[in-house]
Amino acid sequence: MSAAALPKLRDLYTSESGQIRARFQEDGDGLAAVRARAALVDSIAQQLYATYISAEPDSAGRFCLAALGGFGRKVLFPGSDVDLLFLSADGRAEERFKPGIASLCREMWDMRMRVSPTTRSLAECGRLYRDNLEFNMSLLDCRYLAGDPQLFARLHDEVVPQLVVRERQALVQNLAELTRARHAKYGQTIFHLEPNVKEGPGGLRDYNVACWLAFVAAVEKRSPRPPAGMLARQLREECLRAFSFLCAVRCFLHYRQGRDDNGLSYELQAEAAAASVGDKAGSGMGPAEWMRLYFRQTRSIDRTVTQLLDDVASARSSLYHAFDDWRSRLSNADFRVSHGRILLRQSSAMEDASTALSLFEFVARHGLKISGDAEQRIEKALPLLRERLLALAGLWDRLRAILMLRYAADALRGLHRTGLLTVLLPEFHAIDALVIRDYYHRYTVDEHSFIAIENLHRLREAEEALEKRFAEILAETECPELLFLTLLVHDIGKGLSAENHVAGSLQVLDPIVARLGLEAGAADTVRFLVANHLEMSVALSRRDIFDPETVRALAIKIGTPERLKMLCLLTYTDIKSVNPEALTPWKAEMLWQLYAETINYMNRSLDEERLLPGQLPVNDARGHAEPADKRLYEFLEGFPKRYLLTHSAAEIEVHLRMATALAESPIQLSLQKHSHLYALTVVTLDRPMLFATIAGTLAAWGMNIVKAEAYCNRAAVVLDTFHFTDLFRTFELNPSEVERFRNNLLAVLGGELSLAALMAGRAKPGGMRPAKITIQPRVTFDDHSSSHSTLLELVAQDRPGLLYHVSSKLARQGCNIEVALIDTEGQKAIDVFYLTLGGAKLDAGRQKALLDALLQDI
Amino acid sequence: MTKIEAIIQPSKFEAVKDGLQEIGVDGMTVTDVRGHGRQKGHTEVYRGREYTVDLVPKIKIEMVVPDDLVEKAIQAIVGSAKTGKIGDGKIFVSRIDDAVRIRNDERGQGAL
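Protein chains in written order, with this note's numbering: chain A, 1 to 858; chain B, 1 to 112.
Simulated from the structure, these hints should not be mistaken for lab results. Please note: incorrect hints may appear among the correct ones.
To be verified - Derived lysine to aspartate or glutamate pairs resembling DMTMM-like cross-links, with alpha carbons at most 20 Å apart:
(1) K60(B) / E237(A)
(2) K280(A) / E237(A)
(3) K60(B) / D544(A)
(4) K90(B) / E463(A)
To be verified - Some chain A residues well away from chain B (every beta-carbon gap over 10 Å; in silico):
(5) K98
(6) G263
(7) S338
Please read all numbers here as calculations on a predicted model, not as lab measurements. All C-beta atoms, glycine included, are put in the ideal place defined by N, C-alpha and C.
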């Protein structure tokens with residue numbers, strides 16, 4: 001081609017480029033566009049090579065032109081660099097063609113191509129460039145364009161494969177490190193409000209990394225070089241679909257921006273959705289739905305590259321191997337741990353639903369990843385598992401075990417990835433990769449739920465002072481598993497066409513709890529938490545949290561301290577998991593203050609919140625029937641309202657029966673075991689020293705009281721409930737001792753047996769573990785919270801017999817315990833007593849005497 | 001041009017923002033702050049530990065408005081943020097010499 005023909009070549013390039021763009025805008029096929037563009041640039045480069053370097057391309061001895069990188073892969077985006085390699089057999093040829101190389105490149109620049117030329121000898125191409133690994137990687141995609149074909153064949157078939165085999169470890173490790181560093185730059189997540197289509201995790205660069213890693217593995221197995229196209233076939237089909245989608249998106253961005261700009265901004269997301277970019281069906285989806293499609297594609301690439309990178313870990317340092325050897329000791333009868341991955345001992349293991357769940361429990365316990373092979377076996381077994389999983393006995397127990405473990409979120413992600421989560425919870429499919437497009441929610445709804453679970457577990461490792469306060473609340477929560485389940489399902493409604501997402505989540509909750517087999521009380525709690533999961537957020541942003549009326553209204557709405565604790569933690573993790581910056585220290589502190597004010601109100605307002613005639617029943621929502629007879633009214637009258645909220649209808653019926661039976665026997669006892677705690681309920685008429693006597697008898701038997709309540713109704717009927725642990729397993733190992741304990745207690749309460757004598761022979765507290773932390777005792781009085789009583793709050797180091805000592809002191813000072821709320825948090829006892837003396841509050845002198853007496857003893 | 005800084009209760013922010021937008025004030029800078037004036041703080045006890053709420057959470061809104069909007073803006077803030085109780089907040093008003101729009105060097109009121 002003569003120099004005179006160059007303007008025609010420029011025109012050809014311009015017009016062909018325009019046609020490629022027009023075709024893309026018409027059919028949206030990004031892959032076809034980048035292939036067509038690569039073919040066009042091939043043709044231009046070959047013609048320029050003939051013009052400036054050799055008119056007979058095939059015989060340009062010992063010199064040739066090759067395409068590298070994306071251009072080499074025939075994936076040339078409109079704004080991408082055109083990577084060219086001028087390859088010489090030795091330095092002499094390079095010198096000879098230098099002016100021609102310059103002219104060729106200049107001409108391509110003038111056509112507005114971003115040429116990136118490299119000139120190397122064959123020997124140089126065989127070296128590893130540790131500081132320029134990109135060049136080595138780009139050689140993996142080299143493709144012949146013009147010149148000496150034999151020279152290129154030596155590069156392609158000998159030099160590159162030999163380099164790969166020789167430097168496999170360095171190449172792969174460097175590539176893995178570069179990829180991990182890139183992922184770290186993007187916060188290790190595919191979820192960004194404005195993702196980068198090329199560099200972000202799950203983006204096109206990751207697709208290339210997957211191809212390179214697959215290539216290196218293939219070269220090791222086959223010698224010489226594997227055939228072109230083999231790599232793509234090794235990747236999962238969904239990964240290839242994702243690549244095609246991302247090609248369309250990147251083409252759209254380059255054409256739209258006129259340059260190599262790969263940022264998918266908020267505005268461009270709307271434009272891409274309107275243009276149905278990557279959506280071959282042209283279904284006209286909105287921006288949120290289109291971003292859902294986008295995240296599903298990137299998720300698939302991210303999954304592939306993550307698995308391949310994990311495989312690379314086997315070639316790490318000896319220190320890593322030492323650690324890995326240690327981890328391999330975690331192997332058990334079903335699973336083997338190797339290189340940080342869980343492998344199946346039997347290939348058919350995943351056809352058993354119980355073993356499949358055990359695999360995810362193993363993940364949740366140890367934080368290990370499942371091998372690609374094991375995941376594929378689960379996917380293959382999915383049709384069988386669908387029926388077997390739901391027929392599995394104790395489904396909730398199995399899910400609970402996973403939810404409660406440190407790496408629950410990883411296990412849930414695995415369950416979701418393999419399709420098992422939607423077998424357990426088909427409702428969860430509604431929020432699969434669902435995007436809330438409001439420039440605030442960074443993660444898709446499913447990922448938000450997993451991150452929330454992760455954040456709640458991380459709270460147990462809190463180091464920062466404010467976080468530690470929330471961690472303490474978590475430690476006090478009695479049923480954290482319900483909180484974790486709530487976090488998993490609380491936003492499912494966002495994927496449903498309901499009035500609002502809370503209503504939607506509630507709609508699907510009943511089938512979920514029924515399928516899992518939750519007990520009625522637990523299901524009630526989850527329902528309450530889902531229904532109210534925005535309450536504290538709303539109070540923070542729209543109410544004055546220092547207004548007592550705000551606190552009172554919230555306390556009444558929530559009802560019990562246990563529910564408040566769970567709701568507070570739910571709010572904390574829900575906000576924290578919207579985006580990394582959503583929960584500012586300012587907001588976290590406000591939430592904690594709202595919590596503290598509300599729980600203090602709950603504990604200090606029992607006197608003011610009593611059940612009075614005309615207020616019964618208080619809470620129909622908990623299923624309490626309209627009181628059928630006068631006896632129930634009389635029994636409830638005067639109890640704090642909290643009594644109705646903290647006891648089920650069945651428990652209240654039992655208590656009523658005990659109260660009714662007082663006519664036959666003056667002391668009614670009930671002793672039951674719930675989980676690891678025993679619950680002792682005593683119903684009798686009020687008398688001095690009653691609470692202290694029961695506490696003392698329990699202490700004499702070596703029981704450790706962890707929680708207690710004491711209520712008294714208008715008719716002076718006392719209902720005392722003590723939850724205790726059996727330190728010496730007396731009841732468990734000697735069932736007959738249960739009856740002897742009952743008789744002992746009845747005898748002490750009936751005055752037939754001396755408590756002092758019983759206490760004298762009691763077991764010494766040798767069974768208690770030595771205190772790990774020191775709690776400074778603190779006693780405070782509050783005369784303002786109750787109009788009838790003085791509140792005494794005591795915080796002290798827990799020990800067996802503490803409650804007996806405290807309540808005895810109160811009794812000896814002549815105090816009447818109107819209400820008692822006893823709680824234990826680790827080794828800290830937290831007791832609140834509502835005290836009266838002669839029907840009135842305690843005067844200052846009595847408070848001082850009580851304070852001295854208590855501090856002397858605790 | 002006048003700069004208005006308003007320290008308000010967090011719960012009143014949405015109402016104040018809507019009120020300002022209604023009179024044509026669209027641009028504002030909002031910051032989560034802590035502080036106290038006469039409201040002071042108070043001491044609470046939780047689980048035997050005393051904590052002092054001496055700096056209460058507030059929201060600071062800053063805006064620069066043309067002089068003819070100043071009184072309307074102040075009234076909009078007061079109207080939306082006032083409860084009549086201690087702790088409602090404060091408004092500070094100060095003169096501004098100049099404003100520059102960084103994008104195009106526009107200066108003065110046109111840059112607002």
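Hint check:
{"no.": "1", "hint": "K60(B) / E237(A)", "in the structure": "violated, 53 Å"}
{"no.": "2", "hint": "K280(A) / E237(A)", "in the structure": "holds, 17 Å"}
{"no.": "3", "hint": "K60(B) / D544(A)", "in the structure": "holds, 16 Å"}
{"no.": "4", "hint": "K90(B) / E463(A)", "in the structure": "violated, 36 Å"}
{"no.": "5", "hint": "K98", "in the structure": "holds, 45 Å"}
{"no.": "6", "hint": "G263", "in the structure": "holds, 19 Å"}
{"no.": "7", "hint": "S338", "in the structure": "holds, 47 Å"}
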